[in-house]
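Protein chains: 2
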Amino acid sequence: MSDPTDNHREPNATTPPEADGSRSSDEADEFTVTPYAVSGEVNYDKLVARFGAAELTDEQITRFPDHPLLRRRTFYAGRDVDDYLAAAGAGDPHAVVTGRGPSGPMHLGHVLPLYLAKRFQRETGATVYVPLSDDEKFLAKEQSFASIGEHTRENLRDILAVGFDPARTRIVIDTADADVLYPIAVRLAKHLTPATVEAVYGEQDTVGLQFYPAVQATHLLLPQLVAGRQPTLVPIAVDQDPHVRVCRDVAAKEALPVRKPGALLGRFLPSLAGPGKMSSSGDAPSIELTDDPETVAETIHTHAYTGGRPTLEDHREKGGDPTVDVPFQYLRYFFEPDDDELERIAAAYRAGDLLSGDLKDLAIERITDFLAAHQRRRNALDELATELEPYRLTDEERRRALDSAGVPSVVGV
Amino acid sequence: MSDPTDNHREPNATTPPEADGSRSSDEADEFTVTPYAVSGEVNYDKLVARFGAAELTDEQITRFPDHPLLRRRTFYAGRDVDDYLAAAGAGDPHAVVTGRGPSGPMHLGHVLPLYLAKRFQRETGATVYVPLSDDEKFLAKEQSFASIGEHTRENLRDILAVGFDPARTRIVIDTADADVLYPIAVRLAKHLTPATVEAVYGEQDTVGLQFYPAVQATHLLLPQLVAGRQPTLVPIAVDQDPHVRVCRDVAAKEALPVRKPGALLGRFLPSLAGPGKMSSSGDAPSIELTDDPETVAETIHTHAYTGGRPTLEDHREKGGDPTVDVPFQYLRYFFEPDDDELERIAAAYRAGDLLSGDLKDLAIERITDFLAAHQRRRNALDELATELEPYRLTDEERRRALDSAGVPSVVGV
Numbered sequence: 001m002s003d004p005t006d007n008h009r010e011p012n013a014t015t016p017p018e019a020d021g022s023r024s025s026d027e028a029d030e031f032t033v034t035p036y037a038v039s040g041e042v043n044y045d046k047l048v049a050r051f052g053a054a055e056l057t058d059e060q061i062t063r064f065p066d067h068p069l070l071r072r073r074t075f076y077a078g079r080d081v082d083d084y085l086a087a088a089g090a091g092d093p094h095a096v097v098t099g100r101g102p103s104g105p106m107h108l109g110h111v112l113p114l115y116l117a118k119r120f121q122r123e124t125g126a127t128v129y130v131p132l133s134d135d136e137k138f139l140a141k142e143q144s145f146a147s148i149g150e151h152t153r154e155n156l157r158d159i160l161a162v163g164f165d166p167a168r169t170r171i172v173i174d175t176a177d178a179d180v181l182y183p184i185a186v187r188l189a190k191h192l193t194p195a196t197v198e199a200v201y202g203e204q205d206t207v208g209l210q211f212y213p214a215v216q217a218t219h220l221l222l223p224q225l226v227a228g229r230q231p232t233l234v235p236i237a238v239d240q241d242p243h244v245r246v247c248r249d250v251a252a253k254e255a256l257p258v259r260k261p262g263a264l265l266g267r268f269l270p271s272l273a274g275p276g277k278m279s280s281s282g283d284a285p286s287i288e289l290t291d292d293p294e295t296v297a298e299t300i301h302t303h304a305y306t307g308g309r310p311t312l313e314d315h316r317e318k319g320g321d322p323t324v325d326v327p328f329q330y331l332r333y334f335f336e337p338d339d340d341e342l343e344r345i346a347a348a349y350r351a352g353d354l355l356s357g358d359l360k361d362l363a364i365e366r367i368t369d370f371l372a373a374h375q376r377r378r379n380a381l382d383e384l385a386t387e388l389e390p391y392r393l394t395d396e397e398r399r400r401a402l403d404s405a406g407v408p409s410v411v412g413v
Numbered sequence: 001m002s003d004p005t006d007n008h009r010e011p012n013a014t015t016p017p018e019a020d021g022s023r024s025s026d027e028a029d030e031f032t033v034t035p036y037a038v039s040g041e042v043n044y045d046k047l048v049a050r051f052g053a054a055e056l057t058d059e060q061i062t063r064f065p066d067h068p069l070l071r072r073r074t075f076y077a078g079r080d081v082d083d084y085l086a087a088a089g090a091g092d093p094h095a096v097v098t099g100r101g102p103s104g105p106m107h108l109g110h111v112l113p114l115y116l117a118k119r120f121q122r123e124t125g126a127t128v129y130v131p132l133s134d135d136e137k138f139l140a141k142e143q144s145f146a147s148i149g150e151h152t153r154e155n156l157r158d159i160l161a162v163g164f165d166p167a168r169t170r171i172v173i174d175t176a177d178a179d180v181l182y183p184i185a186v187r188l189a190k191h192l193t194p195a196t197v198e199a200v201y202g203e204q205d206t207v208g209l210q211f212y213p214a215v216q217a218t219h220l221l222l223p224q225l226v227a228g229r230q231p232t233l234v235p236i237a238v239d240q241d242p243h244v245r246v247c248r249d250v251a252a253k254e255a256l257p258v259r260k261p262g263a264l265l266g267r268f269l270p271s272l273a274g275p276g277k278m279s280s281s282g283d284a285p286s287i288e289l290t291d292d293p294e295t296v297a298e299t300i301h302t303h304a305y306t307g308g309r310p311t312l313e314d315h316r317e318k319g320g321d322p323t324v325d326v327p328f329q330y331l332r333y334f335f336e337p338d339d340d341e342l343e344r345i346a347a348a349y350r351a352g353d354l355l356s357g358d359l360k361d362l363a364i365e366r367i368t369d370f371l372a373a374h375q376r377r378r379n380a381l382d383e384l385a386t387e388l389e390p391y392r393l394t395d396e397e398r399r400r401a402l403d404s405a406g407v408p409s410v411v412g413v
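Chains as they are written, first to last, in UniProt numbering: chain A, 1 to 413; chain G, 1 to 413.
Keep in mind that a hint or two might mislead.
Which copy is meant is left open, so a pair is good if it fits within one copy or across any two.
Said to hold, decoys possible - Listed next, the in silico SDA-like pairs over lysine to any residue satisfying Cα-Cα at most 25 Å (straight line):
{"no.": "1", "residue 1": "141", "residue 2": "193"}
{"no.": "2", "residue 1": "141", "residue 2": "179"}
{"no.": "3", "residue 1": "141", "residue 2": "252"}
{"no.": "4", "residue 1": "141", "residue 2": "249"}
{"no.": "5", "residue 1": "118", "residue 2": "389"}
{"no.": "6", "residue 1": "118", "residue 2": "71"}
Hints listed in this document are in silico derivations from the structure and should not be mistaken for laboratory results.
Could you build the full structure based on these sequences and the hints that come with them?
What follows is the structure, given as structure tokens:
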């Protein structure tokens, strides 16, 4: 499952928006959003209405653990959020699923939802599942399994560096955990029609990608299949919501002992090249989680789109625009948790007192500090298999998941 | 993979023969054969030509281990048979793949190819792989996984009762061996297009069945992925040949370290209801492997189609027709290995000296003896998991298969 900050959209697949089934034909929308394609300027309110989700209320926001990504409504809508909040508030079992498609190094944007999930885990005891869809990435990309495997291992180090509690976290790799994922996906696939997949994911080039939505649905149900019915929240970019809807539909059709997973829907984070410029991979460099401070500074200084004026005089006189300034947006999303401090920065920028260069330096400092801590934990990791072991599904959990999905053991193990 | 004697065709799927791509449009054929549908009277010569396979030569027949199913050309055509025979003759590695779709009890016809494979194994040391496609049966049938699992366990007891050499035999169950099958199937699925699957298998109702051909192709390549490049023969009914062709195509596209699997193509065995009457399940009762002698006798006496005349006088005078007589055909296929004895029986039937009832009694006797031995071995089996263990892929074999397929271990196990 793509995370909500994945700026790297698949350039190869397009879905006519009509096929989605959730778009009313009388809307003259100027933008298109499907799991594989975003075009035009996104109207987030319309998107929520189109998908039949609900905007988060102030009251819901306050019931979540405090986090800038929620408080400032980067995650701004959802599905079945109240069920999740009730369980989290009552100390009842509740889960978060947030995955990663390991087709390259992880960037700053990829890891922010994981840190959000870690906050949820720390504050309300959420179980966190992190599925890695190496199968899907192998099928969708011009890469060998060897290459995808290398990225998977590097990505795993980053996921481990987040510092989840192994007792409440399961990391699942599609090829390495196929013993449990494939049979459950088959169960879900029994009533997943080609028409549904094509409507939501677009026409697929291979039968592998036709089947993959069943695997993805399995990811979202896994916490409940392992540990019983409980509210599950899937934080994703709003364009990925159809994936959750597919899972909700098949879960209901198959009468599995699960609740339909809920969703926490986010806005797209802009790439360094600026808002509305997140078309395909490679447009602008990203900040990788392994970048050293010099590289971070160089990347931001060279590539970050700013809201500053063309000349110093102009800027001092008319002020900058923080709403389109990427360094400011990074602070707003994640790196400046203090609302008053953020507003002071915005005001100074708007007033022309703070220059674009200063704002870049501020963002560089915060990001560098964040990465230093992340890299410290990453570098302290031992051999991957050893580190991963406590996060993998146990044999008993595998057995329980298959049993819950109605796939009994044939050979009695 | 359906075996060549499976009289139970899927009634739900039909493929326009044009979609097969191997039928020349100028033929005015009066019959249709696809993996899911047989209709009309089958012309076996045309079928071989249509599929681009080759009829077995006398010389090839003599190089196979002696067996009535070959000597009498129930298996009458093939693909890459010489490669297989050369390896078998030279004592080089060679493999046979013959599977089972566990959607019900195994009938007499289902088990005959397994006994043929056992003969090959005993005489030339063939490695035998027996894949059980419980995933496909779950997807294609109105049955739960619990029901399919029950049939799988019962079928496994029958497969074990055949008496394969565990050192040279691997039994693979799609759901229970998904750890190795699914990642390899994904590798094969990367270039398996929906159009190819639809042309060969017809339009599918679910994404599970769209993907399944990749799993089936995995079955056919598994012996080589585990133990290195070697000729592999797949004995199947001629209508299943397109499945082998799909596998041959994807193996070539993915440049895997394997030879394209060969095929040994068989005629359809008639159901008890007679030749050309093998439309769908349930038309006529079958002889189950667990039937007692009384049931066998009752079933054959009541249901077997004969080539006898309507009255005793008529029969004595004009004689019977062994070519359509099902009890005689059972003797011919498998149960009367002596050619001279078979010809004596045929001659006596044609002369009117042997009555249909006598011929039935003869077949009943042979079948009952065969089943008694099979059931003796079946009843002597211990707990299923224990018996199955020496036939399952070892951890090292699993690792080797994945490595050969270019799916390296992500987590270093």
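Each hint tested on the structure:
1. Proximity of residue 141 and residue 193 under a CA criterion of 25 Å is satisfied in both settings, with 24 Å inside one chain copy and 15 Å between copies.
2. In this assembly of identical chains, residue 141 and residue 179 lie within 25 Å of each other by CA distance both inside one copy and across copies; the values are 24 Å within and 22 Å between.
3. Within a single copy, residue 141 and residue 252 get their C-alpha atoms only as close as 32 Å, which misses the 25 Å cut-off; across copies the closest is 20 Å, which meets it.
4. For a Cα distance limit of 25 Å, the shortest separation of residue 141 from residue 249 across copies, 21 Å, qualifies, whereas the shortest one inside one copy, 28 Å, does not.
5. When the C-alpha separation of residue 118 and residue 389 is checked against a cutoff of 25 Å, the pair qualifies only within one copy, where the shortest distance is 19 Å, while the shortest distance between copies is 42 Å.
6. For a Cα distance limit of 25 Å, the shortest separation of residue 118 from residue 71 inside one copy, 16 Å, qualifies, whereas the shortest one across copies, 69 Å, does not.
The structure is consistent with each of the numbered hints, conforming to all of them.
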